[in-house]
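Student: Produce the entire structure from the sequences given, and follow the hints as far as they go.
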Amino acid sequence: MSGVTVSTTVNGDAVQFVCPPSESLMDVLRNRLNLTGVKEGCGTGDCGACSITLDGRLVCSCLVLGAEAEGRQVETVEGLSENGKLHPLQEQFIEKAALQCGICTPGFLVAAKALLERNPNPTEEEIRYALAGNLCRCTGYDKIVRAVQSAAKIMRRSRKA
Amino acid sequence: MRFESPTTTKAAASLLAAEKGVAHVLAGGTDLLVRMKMGAIEPDLVVDVKRIDAMRELTVAASGVHIGGAVPAAALGESAKLRALWPGVVEAANLIGSDQIQGRCTVVGNLCNASPAADSVPALIAAGAKAIVVGPKGKRRIGADKVVLGPGKTSLARGEFIEAIVLPARAARSGDAYLRFTPRTEMDIAVVSAAVNLTLSRGIVKTAKVVLGAVAPTAVAVPAAARALIGSKLDDAALEKMAKACRAACNPIDDKRGTVEYRTKVAGVLARRAALLAYERAGGGK
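Residue numbers (the numbering used here), protein chains in the order written: chain G, 593 to 753; chain D, 832 to 1117.
Mixed in with the good hints, there may be bad ones.
[What the hints assert, rightly or not] A few chain G residues facing chain D, derived, Cβ under 8 Å:
#, residue
1, Gly637
2, Ala722
3, Ala724
What the hints contain is simulated information worked out from the structure, not anything from laboratory work. These numbers come from a predicted model, not from an experiment. Where a beta carbon is used, it is the ideal one built from N, C-alpha and C, also for glycine.
Tutor: Listed below in structure tokens is the structure:
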């Protein structure tokens, strides 16, 4: 099996990799680019643990081929913090104890960020629908919803300032 | 496996036609990559169609709508104009999977995956959608109802793929709706679904289409149900006649998600609710 050479942008950095044509972008990110914040839960698009954005759209990286990333903009959880400062969502997940085992957390953070960029002031119902593609077996979701609400509030306030 | 990402439909058609082994089209990949992962298919060639400009196009007008085969379902929901013209088609497409799936999945893929429970298919058929099929012999147009033959089976010949879905000109006083029943509110597959598309004249139904999903090997149009609505203002007698025709058209599977009796009964209930919703959207206020 010959490899495909791909040039793309990940979290703002130009990167190049070679992968088999059938390898998922999730495996590329984890195993070739060492971005292990991308988690594999189901590998079939059901759990959302591998969520990333591709050209700004929220997707499951297990359902994208590495070869498809040519010339695209890829964002993972590793791109959330800026200059060592955590994103408000990350801070609020800690503050509200919105995680236990943590496997689902990167996916929730990426999905929640995508939601708040589109809708800075979502209702609880909107948050629950927007995060329906992310499974968590520890928290019961309630703390995650509270963390997103709290981060949304902080982000709205800092936007006004 | 070879991976190709051509930039024209012509090049894609040539690649697919020239492949001696197993070739698959990759649009959103939300079904294809799962089947590859499961080992259900082992393609020799995968042709990514997302770099073909014509297939990324979404043009929306009352005179007609063009939904390219690589347009993600999320983009349909983001078009206020499309939501206003074809709310039923949009709500059906936007019910597929999660936000993550919405960012990738396409209505053409939903059609070609040929699941009896596909959400967008009843709505497309009710809308009178046509599929633009591209293949080694050029282009042809077929009704969306002529694509799926049975579970996992389509009428597309070897080397053919669907470039786009086209919705017809929208008459004034028209409305459509799609409703499905699932045990959970999200991330589930239809146990029964119903799509209704109506055009009114002075509050009276002039044209109607009623299509059911997940109650037979393919989505089924129910002309008798449509006839029951035509000429009415959706009074109870017309609605009951329509629901009866829907129940008669059901030939569902029996499983733990829904028995035959249950699916049959709910088909009539959902069709009734979808008809009322489509009527309201068409401006037929009570």
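Student: All hints are to be evaluated individually against the structure, with a verdict given for each.
Tutor: Comparing the hints with the structure gives:
| no. | hint | in the structure |
| --- | --- | --- |
| 1 | Gly637 | 6 Å, holds |
| 2 | Ala722 | 6 Å, holds |
| 3 | Ala724 | 4 Å, holds |
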